[in-house]
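**Q** Sequence:
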Amino acid sequence: MNFSKLLSYHKQVVSSLMCHMQSEVEERIHPKQHGA
Numbered sequence: 041m042n043f044s045k046l047l048s049y050h051k052q053v054v055s056s057l058m059c060h061m062q063s064e065v066e067e068r069i070h071p072k073q074h075g076a
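Going by my numbering, the first residue of the sequence shown is number 41, and it counts up by one from there.
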C-alpha cells in the first residue's frame, strides 16, 4: 500500500469520525424525541 493511498484513507476515516462525533454532540445538545 503506497503512502498517498493510506493518507487518503486516513482522511476519509477522520472525516467520518468527526461527522459522527458532531452528530452525537448535537443530539446531546438538542435531543431528538425517540419513542423510548
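Read the hints as simulated data drawn from the structure, not as lab findings.
It is possible that part of the hints are untrue.
[Stated by the list, open to error] For each label pair, taking beta carbons as the anchor points, the in silico distance ranges come out as:
#, residue 1, residue 2, range
1, N42, K72, 39 to 49 Å
2, N42, Q73, 46 to 56 Å
3, F43, Q73, 30 to 40 Å
4, L47, E67, 29 to 39 Å
5, H50, K72, 25 to 35 Å
6, F43, S63, 39 to 49 Å
7, K45, V65, 43 to 53 Å
8, Q73, S44, 28 to 38 Å
9, E66, L46, 22 to 32 Å
10, H70, Y49, 26 to 36 Å
11, L46, Q73, 35 to 45 Å
12, F43, P71, 39 to 49 Å
Yeah, the Cβ is synthetic: ideal placement off N, Cα and C, and Gly gets one too.
**Q** Are the hints correct? Go through all of them and say.
**A** Going through the hints against the structure:
Between N42 and K72 the beta carbon distance is about 42 Å. The supplied range of 39 to 49 Å therefore holds. A hinted range of 46 to 56 Å holds for the C-beta pair N42 and Q73, which are about 48 Å apart. In this structure the hint that F43 and Q73 lie 30 to 40 Å apart at CB is violated, the actual value being about 46 Å. The supplied range of 29 to 39 Å is met by L47 and E67, whose beta-carbon atoms lie about 31 Å from each other.
Under the hint 25 to 35 Å, the C-beta atoms of H50 and K72, about 31 Å apart, fit the expected range. One distance hint, 39 to 49 Å for the beta-carbon pair F43 and S63, is violated here, with the actual separation near 31 Å. At about 31 Å, the CB distance of K45 to V65 disagrees with the hint of 43 to 53 Å. Separated by about 45 Å at the C-beta atoms, Q73 and S44 break the suggested range of 28 to 38 Å.
Our hint of 22 to 32 Å for E66 and L46 holds, since their Cβ atoms are close to 30 Å apart. As the Cβ distance of H70 to Y49 is approximately 32 Å, the hint placing it in 26 to 36 Å holds. At about 42 Å, the beta-carbon gap between L46 and Q73 stays in the expected band of 35 to 45 Å. Here the CB-CB span from F43 to P71 is close to 42 Å, well matched to the stated 39 to 49 Å.
Of the hints listed earlier, those the structure fails to meet are numbers 3, 6, 7 and 8, in rising order.
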